[in-house]
Structures are given as structure tokens and as C-alpha cells.
Amino acid sequence: MKRIWILAFLLMVTGVSCRQSRQTQAQGWRAEWQRFKAEKDSLFKFAEWSPLTPEDRAMFNGLNYFDYDPSWRFELPLYVYPNPQKMVIKGTRPGDERPALRYGYFQFAKNGTPIKLDVIKILGQNPDDEGHLFLGFWDATSGEQTYAGGRYIDLKRTSENLFIVDFNFAYNPYCAYSDRYSCAIPPFSNQIPIPVKAGEKKFKEHH
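In the working numbering, the protein residues as written are 210 to 416.
No wet-lab data here; the hints were simulated from the structure. There could be a bad hint or two in this list.
Per label pair, the in silico range of CB-to-CB distance [to be verified]:
hint, residue 1, residue 2, range
1, N270, P291, 44 to 50 Å
2, G333, K365, 19 to 25 Å
3, F255, K325, 35 to 41 Å
Think of the CB as a built atom: it goes at the ideal place given N, C-alpha and C, for glycine as much as any other residue.
Based on the sequences and whatever the hints tell you, model everything.
Okay, here's the thing in C-alpha cells:
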């Protein structure tokens, strides 16, 4: 009987420790996100290359985001297609077409909903340019709370050869702020059927 009580106590201590560890991790992720937001707001307000129009910069007080939700942060393997198919990623401006490969995909589940997102490798004009990985998506908030043209996520590789896919860092392409830009349109296969209430919201209502 004494052994059972000791085992139960050890399991309780382990559970508390794990919860505290997860809370500490989430606090660190949130702090990183807050630094990211503050730096981006400063650059959008003051940098010469800011995508905002002069009128919008004059009135700019910061971008709008959903609150940080650690459940929308994933560390995932990238499944590379055996024979990546050639394709074209269109831009928002007519005639803007970018050679690309349907390179691989991420697969995960959120609240019981299976989600698969294609990762595109956009190729450079120079044959020696290996290109870059592009992850763009739509979800059930697109055109309502978030930009109608979809949002992007920059990928970070971990030391375990996984990729951090954190939707809290999802951001609008530059064409969400000004029609001076032509932005890559995410593949239509990357439609998440549930609302992703994480990341950047719509910049202005008329966008």
C-alpha cells in the first residue's frame, strides 16, 4: 500500500513539473512574439522601406494581432515529395508568375481537424539560386478578421531537423498595405477549414 502512495505522489510531482515546464515554454514563446511585434511596428513606422503609404505611416499605431495562443505552435517534420512537381506561383499583379516546385508538405491536426499544407519552393531567376521555401495559407477567418489574400509564415528549422510552424507569427504580405506591391498567392490547396485565430489580423477594413 505504501508503494502505491509513493508511486501516486511521484506521478503527481511529475505532472506538476511537466505543466510548469510547458507554462515556462509558453511564456518564452509569448515574450519572443511580443519582441517581434514591437520591432516590426517600429520598422513599419520609421523605416524608409516601410510598405505603408505615407498617409498610413502618419497615423500608424501598430499592427493588429490575435492574442498569443501556444496551441497554434507546432514543431513538424517536412515531408518532401519524391518528385517535386514544377508549378507557377502567381502574384497579385497580372503577369506576375514565379517558377516554383511543389516541394513538400506539413501534416498535423488541430482540435480533431486534420490539416495538410503544401510547402512551395519558389525558384530564383538565376539557375544557381536554390530558391526559398514558401508557406502561405488561407483559413476560415480570411476576408473577415484577416487579409483576404491569405497569410504567410516564415519557417525556422530546429536542431532536431524539424520546422517551427507558429501561426502566431503569421503575417500579411505587403500588398495588404499598399497596391504598389505584387505578392505571391498561396496555393489553393492550402485552405485550412477552421478559423486560425492566431497571427496578424486585417490591416484596415477596406483591405
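Item to complete: Hints the structure violates: just list their numbers, smallest first.
Response: No hint contradicted; all consistent.
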